[in-house]
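Those sequence lines, one after another, are chains A and B. Start counting the first sequence at 1; every next residue gets the next number (the UniProt record's numbering). Start counting the second sequence at 1; every next residue gets the next number (the UniProt record's numbering).
Hint data in this document are derived by calculation from the structure and do not stem from the laboratory. Take the hints with a grain of salt, since some may be wrong.
The following label-pair restraints were derived from C-beta to C-beta distances [claimed, not checked]: (1) A:384 x B:82: 31 to 41 Å; (2) B:20 x A:365: 29 to 39 Å; (3) A:79 x B:62: 29 to 39 Å; (4) A:330 x B:23: 13 to 23 Å; (5) B:68 x A:35: 43 to 53 Å; (6) A:291 x B:21: 11 to 21 Å; (7) A:51 x B:82: 27 to 37 Å; (8) B:25 x A:10: 54 to 64 Å; (9) A:51 x B:25: 52 to 62 Å; (10) A:34 x B:23: 57 to 67 Å; (11) A:412 x B:6: 20 to 30 Å; (12) B:88 x A:10: 48 to 58 Å; (13) A:248 x B:77: 52 to 62 Å.
Facing chain A, a subset of chain B residues (Cβ under 8 Å, in silico) [unchecked claim]: (14) 11; (15) 15; (16) 17; (17) 31; (18) 41; (19) 46; (20) 50; (21) 51; (22) 72; (23) 81; (24) 93.
Short, incomplete list of chain A residues facing chain B, as computed with Cβ under 7 Å [to be verified]: (25) 188; (26) 189; (27) 322; (28) 373; (29) 428.
C-beta atoms are modelled at their ideal positions from N, C-alpha and C, and glycine is treated no differently.
What follows is each chain in one-letter form.
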Amino acid sequence: MSAPFASIDALAADLAARRVSARDLAERALANARRHAHLNAFIGVDPERALAAAERAGNARGPLAGIPFAHKDIFCTKGQRTTCASHVLENFIAPYDAHVAERLDAAGAVSIGKTNMDEFAMGSSNENSAFGAVKNPWDEARVPGGSSGGSAAAVAAGIVPFATGTDTGGSIRQPAAFCGVTGLKPTYGRVSRYGMIAYASSLDCGGVLARSAADCAHVFAAIAGHDPRDATSAARAVDDVAASLDAPLAGLRIGVAREYFGAGVDDGVAACVREALAELEKLGATLVDVSLPNAHHAIAAYYVIAPAEASSNLARYDGVRYGHRAAQPKSLDDLYSRSRAESFGAEVKRRILVGTYVLSAGYYDAYYLRAQKVRRLIAGDFAQAFGDVDLIAGPTAPTTAFRLGEKSNDAIAMYAADVNTVAVNLAGLPAISTPAGFVGGLPVGLQLVAPAFAEARLLNVSHRLQQVTDWHARRPEGYA
Amino acid sequence: MNLDHATVRHIARLARLALPDGELDAVSADLTQVLHLFDELQTANVEGLNPLAHPLDVTVTLRDDAVTETDRSETLLALAPESQGGYYLVPKVIE
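With the hints as extra help, turn the sequences into a complete structure.
The following block contains the structure:
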């Protein structure tokens, strides 16, 4: 039987040859989830549901049939507790499936449970979960990144070959970098947001974390595509990402964004990323110096726009229709205010208050409207650069995984760590974080950004890099 | 200068977040610090730019005017912390 860290193709070959059954794979993933329970990567593991899905998977065809995985607990899964890592939704049983969940179910993939995350996807360390922090398998004193920290840790620990994630400001890419896995954030609108609990709707994007680009390609092919239930879902056809995975890189122009190597970027991280870029050069790519002159505005613009949208989206948690309800409310207002105050965590409250402030009368123009204009500048930087290059590269995060507790009392320092990822969401572009070496035993991620809908190019370049390097294949000690 | 208590109370009220008086100082300092981060937006030259509300210039498509939703009221009401006779229950609004 193939190893726990086997690729999706290897597992599919074993299934096809009947060397292993979908039930065997599900049982092994469940056993690994139990064995590594101390990571706190899961909010809920559901063996009964997983084994039933494994039975059904026997009828499905395709590369994901019978392959175990885990869902970030932001995706609604019918009849299953879906918490978004919040006390608000602690007892919420989703009445329907998210589009992504439907697609993976139809592909025969077998969900073993729901992964931990920052509450409502607000965070970069997974320390903002109502169900406790997640540990990084590479160093259990460190964060796995966030907000899709449980998904990244579960993949890095070899519990599942892939996990779903969402990325509003880097929430797939940064944990992928911190945990040494591959994380794909598709173009905004490429994956339906239907049933994906909303944080900031003009930025939210569903995607995947896996141990290789080839594995990400299989999952992307399953979850991408038009869905009329999401008004912002793109109608255009999905590229055949598998067909171009092995394409040669000769002639490819990669822009190295000088701003992504600016102050705050660890020297060791920068050196790793440059080494990975040198590998791509050997494969035939040309490196070109590019500039994104408005990159330094991205953090401020993002932390105005995302909280503004969040303050609106999270108004739905009113204690009336679902979720936590305060006891013995004195009035309707008291019901709303106490239900919300009792059940939201500190970071969620902070973003709701900030978002409410920047949208309030008298401040809207100075903050929100101005941030949206800056958003256009940032999108314009990318458009300008893509006139000359096919991809833009830099470190996914300025440092390797930081220590648990290191930044948890300093919101500004935590926000600053998102410097290289948030601009991509503001521009709605696809990006990938692919392993690029280690500093002091901790993984480093190379971020590649592509023009809208060029996911095939990202997967192709990441895959070719993974064929000549072994960073993505290394495993944390004790997770054989 | 930190946001004054009246402003913080007003924002918390708009956001429908109960905020005990004992937390006002801490919340005010915290919000002030975050808002300070946004000062640098004033240095961007945004003259003549239209705000970008949506990353891709997607046009909203129209669908056929057909019923697509089924009656799921029982399922959805079952999620409510309190309901009765097909209605959500809230504290009395009109005396």
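Structure-inconsistent hints, enumerated in ascending order: Those not satisfied are hints 1, 6 and 10.
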